[in-house]
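A.B. asks: Chain A is fixed; fit chain B onto it per the hints.
As they're listed, the protein sequences go chains A and B.
Positions 1 to 115 (our numbering) are the ones given, in order, by the first sequence.
Positions 116 to 222 (our numbering) are the ones given, in order, by the second sequence.
I should point out that these hints are in silico values taken from the structure, not numbers from a laboratory.
Misleading hints may appear alongside valid ones.
Derived, one-sided and incomplete: chain A residues facing chain B with beta-carbon distance under 7 Å [what the hints assert, rightly or not]: (1) F41; (2) N44; (3) N61; (4) D103; (5) W105; (6) G108.
Built from N, CA and C at the ideal position, the CB exists for glycine as well.
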Amino acid sequence: EIQLQESGPGLVKPSQSLSLTCSVTGYTITSGYDWSWIRKFPGNKMEWMGYISYSGSTNYNPSLKSRISITRDTSKNQFFLQLNSVTTEDTATYYCARGGGSDYWGQGVMVTVSS
Amino acid sequence: DIQMTQSPPSLSASLGDKVTITCQASQNINKYIAWYQQKPGKAPRQLIRYTSTLVSGTPSRFSGSGSGRDYSFSISNVESEDIASYYCLQYDNLPRTFGGGTKLELK
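Just chain A, same shape as in the assembly (with noise of 0.2 Å):
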């Protein structure tokens, strides 16, 4: 069974970086799909922030080229999201999922940014 789980601080200061880490089980990430990183704003708005692909490329909403970095570590089989310089706007719900489809999703990690 393919199971996708984020982790990583609940809270982050403004200016500062925001990091999380999907630890995916039951499929390895660089055997095919993309690997998204996904969030959801308090009021329910989704946004879809970018995905690294099986072959490590990557691609990024342009709302948030400039902040954002997408990686992995094959040998974990993980991947992980830096947002750079969060402000408060960027308390959400994260979430990784896989796929153009998104059909596996994590379970979501709610992160908030305050001083």
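C.D. replies: Just chain B now, kept in the frame of chain A:
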């Protein structure tokens, strides 16, 4: 970016009703739309992909249709376990974009 206009934002239904949610894209998305169900505190669950293909485990009371810019998602015979929020996602173009969501409540 492709804008996905989802309506209605909320919906009140009785058990056994049929309900329909629509998503209109700002341009043709070539049927690359998925529908998700989300319950509080849970991850979104994909129900339908590529407009009308039911994902394994999705009950047959769920259905999807559409083409071009206009798509719909229906639940026939609403059950209590269907009370949740529903979202559409277009994955034809990058950046992928979501509809604003529909909250389904019991009347």
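A.B. asks: Give a verdict on every hint.
C.D. replies: Hints, verified against the model:
| no. | hint | in the structure |
| --- | --- | --- |
| 1 | F41 | violated (11 Å) |
| 2 | N44 | holds (5 Å) |
| 3 | N61 | holds (4 Å) |
| 4 | D103 | holds (5 Å) |
| 5 | W105 | holds (4 Å) |
| 6 | G108 | holds (6 Å) |
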